[in-house]
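Asks: Residue numbers (my numbering), protein chains in the order written: chain A, 4 to 115; chain B, 7 to 117.
Be a bit skeptical, because a hint or two may be false.
[Claimed, not checked] Using C-beta positions, here's what the derived DEER-type ranges look like:
| # | chain 1 | residue 1 | chain 2 | residue 2 | range |
| --- | --- | --- | --- | --- | --- |
| 1 | B | K63 | A | N31 | 22 to 28 Å |
| 2 | B | K69 | A | T23 | 37 to 43 Å |
| 3 | A | S72 | B | Q20 | 49 to 55 Å |
In short, the hints are calculated from the structure, not lab data. In this text, all values refer to a predicted model and were calculated from it rather than measured experimentally. C-beta: ideal position from N, C-alpha, C; glycine also.
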Amino acid sequence: DAGITQSPRHKVTETGTPVTLRCHQTENHRYMYWYRQDPGHGLRLIHYSYGVKDTDKGEVSDGYSVSRSKTEDFLLTLESATSSQTSVYFCAISGDTNQPQHFGDGTRLSIL
Amino acid sequence: EDQVTQSPEALRLQEGESSSLNCSYTVSGLRGLFWYRQDPGKGPEFLFTLYSAGEEKEKERLKATLTKKESFLHITAPKPEDSATYLCAVQAYNQGGKLIFGQGTELSVKP
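Given only the sequences and the hints, what does the whole structure look like? Please build it.
Replies: Next comes the structure, spelled out in structure tokens:
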């Protein structure tokens, strides 16, 4: 398995609270991605990073922010969580854009 | 708009009964088409990358093929351990490595 650790694995929180999800990699890969997976929508890209402090938006970025201060860590923050952000969140990594992405085992987030 | 459609949504097979999964796509300049396997409670596991029409890749009982409009994942003599959701994704040029995923095909193989 690619060295990807997501934390926490499960979280339940209330609407309006801030939430931060962490993705940690041990592969020294340049690219890191955050996706969400929902029934009926499949996996959708939220944000991605192409280097330390270099990030860009994906197709469903509203309500989310990211930060990457070290090569190995990519944080996803929900500043004020809403029920529509209840989902399973996956982190992925790749060495370059022409290499396959490898995924972590996800964080199941429930917002009540 | 780049788009991926997978069919069928669900497929039930008997052990040993071969079949195919379909992935139809529209993309502005295909850089690569990817197949993943996803088990319940786990992240997608990479299977294959296909880059050009006519290309084929094989791994055990799985074979992936690619045309200009679709890809097929052929499963020969499946076993119960092949049960999973199979995801197809496309990547376009000049998109920073972004993947556009289909909704997946849930495969169940009964002994």
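Asks: Against the structure, test the hints numbered earlier, and report the numbers of the ones violated in rising order.
Replies: none
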